[in-house]
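J.: Based on these hints, arrange chain W on the given structure of chain F.
Which chain is which? The protein sequence lines are F and W, in order. The numbers in the working numbering rise by one with no breaks, and the one at position 12 of the first sequence is 107. The numbers in the working numbering rise by one with no breaks, and the one at position 130 of the second sequence is 1283.
Honestly, I wouldn't trust all of these hints.
What the hints assert, rightly or not - Quick look at which bits of chain F chain W covers, simulated, 3 or more residues with Cβ under 8 angstroms:
1. 421-431
2. 437-445
Claimed, not checked - The calculated DSSO-like cross-link candidates involving lysine-lysine, where the alpha carbons are at most 30 angstroms apart (straight line), are:
3. Lys1185(W) x Lys400(F)
4. Lys1185(W) x Lys430(F)
5. Lys1185(W) x Lys1329(W)
Worth flagging that the hints you see were computed from the coordinates, not collected in a lab. Quick reminder that beta carbons are idealized off the backbone N, C-alpha and C, glycines included.
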Amino acid sequence: MPEPFPADSVGLVVPKSIHFDEPLSLDGGKTLEYYDLVYETYGELNASRSNAVLVCHALSSDAHAAGYHHVDDRKSGWWETCIGPGKPIDTERFFVVCSNNLGGCRGSTGPMSTNPATGRPYGPDFPVVTVKDWTRSQARFSDALGIKQWAAVIGGSLGGMQALQWAIDLPNRLRHAVVIAAAPKLSAQNIAFNEVARQAIRSDPDFYDGRYDEHGVKPLRGLKLARMLGHITYLSDDAMGGKFGRELRDGKFGFGFDVEFQVESYLRHQAEAFAEHFDANTYLLMTKALDYFDPAADYDHNLAKALDHATAKFFVVSFTSDWRFSSARSREIVKALLDDDQDVSYAEIEAHQGHDAFLMPIPHYLDVFRAYMNRVAEVSR
Amino acid sequence: MALRPELEIISEWIAPGSRILDLGCGDGVLLKYLRDTRNVNGYGIEIDYQNVLQCIEAGINIIQTDLDAGLSEFDADSFDYVVMSQTLQAVHYPDRVLDEMLRVGREGIVTFPNFGHWLARFQLAITGHMPVSNILPYDWYNSPNLHLCTVKDFEQLCTKKNIEILERTVVDQRHKRSLGMRFAPNLLGEIAIYRFRRGKKS
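The following block holds chain F by itself, in its conformation from the complex:
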């Protein structure tokens, strides 16, 4: 049978699910009596279980980080650029694991799951979860997989924040933290964008206070608006200008409010594709997890103090045109690590793609990422 996928892809992958019966106490005061995590793995775990790498996903991603679910899938996992044979996270050397976060809508327990108390989907009753809740649930997940210490915990954006939280909360359980296009906490502007996104969803007449499922509808308009707004913050002005400029679909003004500029068409298309397969309650939860993320808060709002007892080595990466989580935000993390005399390397990648650059095949980025992961691999054999 001919191989239908590129040689540097992990190819066909099958998501797995794992059930946890032990109740999980959440930061918000509530408890999940039991829950499931959906995850994928690529590559082979070595005999000493020392080559495992945990990949943490961003706001709207999932456990499907690499490869394809079906032979005729056109779309690969979200980090296909970086995960696969010979890629920076080399599946010939590493056993790569990615799990969908709690509160998600891609298999792990979240608002669409059945609430044991009512027998109906949680919907808006699913508790607000934090990044710390995620690392706590992933610690149990690591136990279940028999992985005492990850060679590295890696993530971009919200995933990078999760890697940072891992290094702070579970210092002995990872040797390296790779923190890409992240920030030590959200700025007021970041939170403001999230709030507009939430308001877009919550003010949709089809939202029904989160119980849209019971009404057989989805707040698609709100979710689309939220995604359009989010998407603008993921791109740079340059990237948008380069891609669309002021190009008109029909070459002339229509003097109306239909789609005219190519950028409008693109945003609407992106938003529609997204809203079809993403859950609005999950979107609300994920933006809250972002807003609440502030690991320094537990340490007198001193990030250096928070990272002082971390034992992992750090690799921090930022992109020059990222204005959602700018290089300056990454350097706050670097500065705290320097204050602590921690092992840290920092690369500031020249890129015009904005925040989304961390998902893109930018040669300098892939080169430094690969070089760092080679170091991780050398001591993980």
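T.: Just chain W now, with coordinates in the frame of chain F:
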């Protein structure tokens, strides 16, 4: 790869087990050598992507940043030595960089091409051209060197800034020391190497 002789001299000056910051560390050769031979740890600073990549490959802690933007990421007195090899002449404000070096480090070590060397003087005085040599291989229009100085100039700046020079060595382009250089460093030395600290009197 053998260590550049100039870096060999620097490494002799650095006490085992100390912490250093290497400004404009290139491919990280000095940091790697000191780590492997003298248990010296620290960070390198580089702006050039290729150098950053090579440092990561070598397992050196490297921070990609522009030296002219200052060392604000580093706390005062966080290093035993701050080293800057062949970079002082290429930054926008050498005097401010020296201040920063002595803010974050106990001692500073710099090397630079000595513009007072007789050959440079000869080229400028007799041929009327900006000096070009093995040590200064650039033409005036493509040189990264913004602030070339002589041994005398550097020492004058140190006096002005109350910087105490602890050690000075000048070498030729083969990094050899000679008696003549000891007596006429500004005339005969091609590369100047200094170790210094903040002066006692304020």
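J.: Now tell me if each hint is right for this structure.
T.: Evaluation of the provided hints:
{"no.": "1", "hint": "421-431", "verdict": "holds (count 3)"}
{"no.": "2", "hint": "437-445", "verdict": "holds (count 7)"}
{"no.": "3", "hint": "Lys1185(W) x Lys400(F)", "verdict": "holds, 29 angstroms"}
{"no.": "4", "hint": "Lys1185(W) x Lys430(F)", "verdict": "holds, 22 angstroms"}
{"no.": "5", "hint": "Lys1185(W) x Lys1329(W)", "verdict": "holds, 23 angstroms"}
Checked against the numbered hints above, the structure breaks none of them.
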